[in-house]
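Engineer: Read top to bottom, the protein sequences are chains U and X. Taken in order, the first sequence gives residues 11 to 302; the numbers are from the working numbering. Taken in order, the second sequence gives residues 539 to 771; the numbers are from the working numbering.
Read the hints as simulated data drawn from the structure, not as lab findings. Note that this is a predicted model, so its numbers are computed, not measured. Hints should not be assumed to be uniformly reliable.
[To be verified] In silico negatives: residues of chain X with every beta carbon more than 10 Å from chain U:
#1 Ala549
#2 Val572
#3 Ala593
#4 Ile650
#5 Val705
#6 Asp729
#7 Val739
#8 Gly743
[Said to hold, decoys possible] Straight-line alpha carbon distances no greater than 25 Å define the calculated SDA-like cross-link-like pairs of lysine to any residue that follow:
#9 Lys755(X) - Asp698(X)
#10 Lys198(U) - Thr230(U)
#11 Lys198(U) - Leu592(X)
#12 Lys198(U) - Lys631(X)
We put the beta carbon where it would ideally sit given N, CA and C, even for glycine.
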Amino acid sequence: MTQELLQYLFSGITNGAIYAVIAIGFSMLYSSTELINFAHGEFVMLGALSLVTLWGGFGLPLPMAFILSVFGVALTGLVFERLAIRTVRKPDHIVLIIITVGASIFLRGVSMLIWGKDAYSLPAFTDHPPLDLIGARLLPQSIWIVFIALVCAILLHLFFKKTLTGKAMEATAISKKAAWLTGIPSEKMILLAFFFSTGMGAVAGIIIAPITMVSYDMGTMLGLKGFCAAMLGGLGSLWGSILGGLLLGILESFGVGIFSSSLKDAIAFLVLLLILYVRPGGIIMAKDVKRF
Amino acid sequence: MAIKGVSLSVAQGELVSLIGANGSGKSTLLQAIVGLLPGWEGKMSFWDNSLKGLAPPAIVQKGISLVPEGRLIFPPLTVLDNLKLGAYTRYRKKQHREIAQDLEMVMTLFPILKERSYQAAGTLSGGEQQMLAIGRALMAKPKLLLLDEPSMGLAPLLVDRILQTLVQLRENGITILLVEQNAQAALKIADRGYVLETGRVVLQGSAQDLLADDEVKRAYLGKDYGEFYEGRA
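If we strip away everything but chain U, and leave its shape as in the complex, we get:
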């Protein structure tokens, strides 16, 4: 019994770390622009499919394929902001959100044309045998996932706390008008937020690629899970997103293990509904003090 529970915990943390990385993308963009990017999941998909092409197809070394994929997707994110978001004449929130939904359909369609409808699979980053911990199996890819998620979180944390650009982004998130008057070019900061956010999406897609089937339509569900995780932890907060992601992953895996695997996707949305009823600001309330 203990080994089973431990097994659920491992797989929960693995999935949770991925949700966390996706949630960070949502949160980051929200805290700088108050925009929920419903195309975020598609950037996760783009990251995974780019890795399929660069690593699996062209045979580039993994670190290079990783970095190229992240940058490629982040650049797509920039183009998305420039062409679809910046050009809106009356940027009401609801208009922008619907644009992101449209962009999501568009990106999925384009990906289907490029990569086809087939699902791809990739090997794990390193081919060690699974570790045996008190009878539970821990996949090396899980360690990679958690490690990379942590590194991303720490780098982002340092960026926001230690660099002037990070602080300027935070200032823009606190008050765009105040930042503007202080001389901070807020459009650039918003562009940067898109760049980081979609880049984080790509990271999530890349680390999940070896443990799932990669296809053009994988993004929607992952995006929604990441959104639930961000809402659960507290939209707009870095550590809240991580907490929300891990919690959601663990809840899901225990739900699947103890009750039924058909519950997997329902759990995320039940959690979302519950949190919206009970504590709409998320576990870490980021409402009054908007900071990343």
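Place chain X on chain U using the hints.
Structural biologist: Okay, now just chain X, sitting in the frame of chain U:
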């Protein structure tokens, strides 16, 4: 349209006060200068350069900084970070040494900010926040400093303190345009003044003349009618 047909000038090294009641268009004017209201018509120039079509960051780079109404500091960030962000455009030009000097200057001007450097700006009192807002604007090394109601919500003693600082800044060579409802205090420290009413300049002149002007006294200095009509009947 909140203001129309307004013409005013500020010469280098001057401290000019713009006074008027609520809704007279004082803040609108300042917002137009710093680029928050891009739709204005007419002419505005700074050192013979037109300000037409410039966004706020570009205005800051030109050397005009606004201390906005309500201070608009960044509450969760530390006092030091708030000040550093004030010099954002200058960091991009790699003026690190000059920035360090200016930081020292601001800290000397407002010693309390030095004491609270690592505190979140939101924990400061109203007066301290106002000092921070002024300090942050100074960090951009402005040639022209605009202030929108710096005395709002402050105790009289603090108002004096803030206004004395402005006099000191003027002596250090910074040109100042001060918008105030507190007309008496604003005119006392100013060289010249303008009185704005429903979007027009109704009076202008040296600060002493305005302080002595009956119309100003009646409308803005809180002298009541009894006192006003004394010796006139």
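Engineer: Are there hints from earlier that the structure breaks, and if so, what are their numbers?
Structural biologist: Per hint list: 2, 3 and 10 violated.
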